[in-house]
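Work out the full structure, taking the sequences as your base and the hints as a guide.
Here the sequence shown stands for residues 789 to 965, where the numbers follow the working numbering.
Keep in mind that the hints are not guaranteed to be accurate.
With a straight-line cut-off of 27 Å between C-alpha atoms, the simulated DSSO-like cross-links for lysine-lysine are [what the hints assert, rightly or not]:
#, residue 1, residue 2
1, Lys899, Lys862
2, Lys907, Lys853
3, Lys899, Lys947
4, Lys902, Lys947
5, Lys902, Lys860
6, Lys860, Lys947
7, Lys860, Lys907
8, Lys889, Lys899
9, Lys962, Lys902
10, Lys899, Lys950
11, Lys950, Lys862
12, Lys902, Lys889
Hint data in this document are derived by calculation from the structure and do not stem from the laboratory.
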Amino acid sequence: MDENKQQTEEVEQEEVVENPEQEVVEEEAAEMDEVAKLQQEKDETYQRLLRLQADYDNFRRRTQKDRENDRKYKSQSLIEELLPALDNFERALQVEAQDEKYAEGMNMVYKQLKSALEKEGLEEIPAVGEEFDPHMHQAVMQVEDENYESNVVVEELQKGYKLNDRVIRPSMVKVNQ
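Here's what the structure looks like:
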C-alpha cells in the first residue's frame, strides 16, 4: 500500500509539474487572443477614423462648391425677372422713334441695363447660323431653307441667355430640316 501511495504521489507531482507549463501555455494563448482582439479593435477604429476623415473632406468640398455656386448665381432670380424688361427694351428700340433724342436716351438706358447684367455674368446665347443645341436652343419651328445646312438655326424668335455658363433661358429658334 505504501508503494501504491508513493506512486500516486509521484503521479500527482508529475501533474503538478505539468500543470504550471499548461497554465503558462493557456495564459499565453489567452494573452495572444487578447492581443489579437485589441489589434482588430485598433484596425476597426483606424478604418472608422479614415472614413470619418474622408466624409469630412467630402463635406468640406461640397460646402465650398455650394458657397461658390451661391456666389456665382446669387443674382439669377433678379436677372430672370429683368429679362422680359430687356426684351421689351429691344422691341422698343426696333420701332422707329419720331424724336431722335428720345430714341438716343432709350438706347443709353438699354445699354446701361445690359452692361450691368453682363457684369453679373449674363451672356447671350448665339443662335442664328449655329448648329442646333438642345441644351441652348428651344426649337419652336422647322423650315426648309437651301441657304442653311441641316440642323442649323435659321432664325431666333426670342434671345436666350446664360448666367456664368448656366442656361437660364434657352433661345427660341427656327431650325432648318
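Hints versus structure:
no. : hint            : result
1   : Lys899 x Lys862 : 22 Å, holds
2   : Lys907 x Lys853 : 21 Å, holds
3   : Lys899 x Lys947 : 16 Å, holds
4   : Lys902 x Lys947 : 13 Å, holds
5   : Lys902 x Lys860 : 18 Å, holds
6   : Lys860 x Lys947 : 22 Å, holds
7   : Lys860 x Lys907 : 12 Å, holds
8   : Lys889 x Lys899 : 15 Å, holds
9   : Lys962 x Lys902 : 25 Å, holds
10  : Lys899 x Lys950 : 18 Å, holds
11  : Lys950 x Lys862 : 14 Å, holds
12  : Lys902 x Lys889 : 20 Å, holds
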